[in-house]
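Asker: In this note's numbering, the protein residues as written are 281 to 427.
It is worth saying that the hints were derived from the structure and are not from the lab.
Each residue gets a CB set at the ideal place from its N, CA and C atoms; glycine is no exception.
Accuracy of the hints is not assured; some may be wrong.
What the hints assert, rightly or not - Here are the computed distance ranges between Cβ atoms for each label pair:
no.: 1; residue 1: Arg374; residue 2: Gln298; range: 42 to 48 Å
no.: 2; residue 1: Ser353; residue 2: Glu417; range: 18 to 24 Å
no.: 3; residue 1: Ala425; residue 2: Arg309; range: 30 to 36 Å
no.: 4; residue 1: Pro371; residue 2: Asp408; range: 22 to 28 Å
no.: 5; residue 1: Arg299; residue 2: Asp370; range: 38 to 44 Å
no.: 6; residue 1: Ser320; residue 2: Arg299; range: 29 to 35 Å
no.: 7; residue 1: Phe304; residue 2: Asn373; range: 35 to 41 Å
no.: 8; residue 1: Ala305; residue 2: Gly363; range: 27 to 33 Å
no.: 9; residue 1: Phe304; residue 2: Gly335; range: 26 to 32 Å
no.: 10; residue 1: Glu362; residue 2: Arg299; range: 34 to 40 Å
no.: 11; residue 1: Gln298; residue 2: Arg403; range: 17 to 23 Å
no.: 12; residue 1: Ser353; residue 2: Glu384; range: 30 to 36 Å
no.: 13; residue 1: Ala393; residue 2: Gly363; range: 16 to 22 Å
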Amino acid sequence: MERVPAFPGRAGAIEVIQRELTAFARRARGRATELHPELSLVASSILDLVIERDGCLAADLAGHFHLDKSTVSRQVAALEREGYLARDVDPANRRNLVLRATAEGRQVARAAARRRAAAFTERFRDWDDADIERMAEYLVRYNAADE
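Produce the entire structure from the sequences given, and follow the hints as far as they go.
Answerer: The following block contains the structure:
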């Protein structure tokens, strides 16, 4: 395994982290088409969250992903056109529509998850288990700070 270089202090390390996370995000957007050819990265993320939560409101999606409501609306409309999402009246508040994944949406999401898992497994093939676990812990800690 390649040795990670030391960085010049906290500010230097933060600069490297920012640069590397930006590169990761760009690569993720680029790979999204390969791993999930039917959907954009945003649309597949929305579908995944709707499945994870077993349904949710569009406003919840906008808040979770820090997206404009119009962006969510466009993505949800595309998912509905593809037959991956459907809207149900919320029994708790009949004015709200709950987004739910269809059987086809769940199937597409499962296939995409398998492709993502294979891609990540390949990417980490030369890493030892302890390094993978540490990275997982750090990512959870980093993302938890945003909640």
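Asker: Would you mind marking each hint as holding or not holding in the structure?
Answerer: Evaluated hints:
The supplied range of 42 to 48 Å is met by Arg374 and Gln298, whose beta-carbon atoms lie about 45 Å from each other. At about 36 Å, the beta-carbon gap between Ser353 and Glu417 misses the expected band of 18 to 24 Å. Take Ala425 and Arg309: their Cβ atoms lie about 23 Å apart, and the range 30 to 36 Å is violated. Between Pro371 and Asp408 the beta carbons are some 49 Å apart, a value that contradicts the proposed interval 22 to 28 Å.
Against the hinted window of 38 to 44 Å, the Cβ-Cβ separation of Arg299 and Asp370 comes to about 43 Å, which satisfies the hint. At roughly 24 Å, the beta-carbon separation of Ser320 and Arg299 lies outside the given 29 to 35 Å, and the hint is violated. Judged by the Cβ atoms, the range 35 to 41 Å given for Phe304 and Asn373 holds: they are separated by roughly 38 Å. Between Ala305 and Gly363 the CB atoms are about 29 Å apart, so this pair conforms to the stated range of 27 to 33 Å.
Between Phe304 and Gly335 the C-beta distance comes to about 30 Å, which sits within the given range of 26 to 32 Å. Distance hint check: the CB atoms of Glu362 and Arg299 are about 35 Å apart, consistent with the given range 34 to 40 Å. Roughly 21 Å separates the CB atoms of Gln298 and Arg403, a value that falls within the hinted 17 to 23 Å. At roughly 21 Å, the beta-carbon separation of Ser353 and Glu384 lies outside the given 30 to 36 Å, and the hint is violated.
The hinted window of 16 to 22 Å between Ala393 and Gly363 holds, with their beta carbons roughly 18 Å apart.
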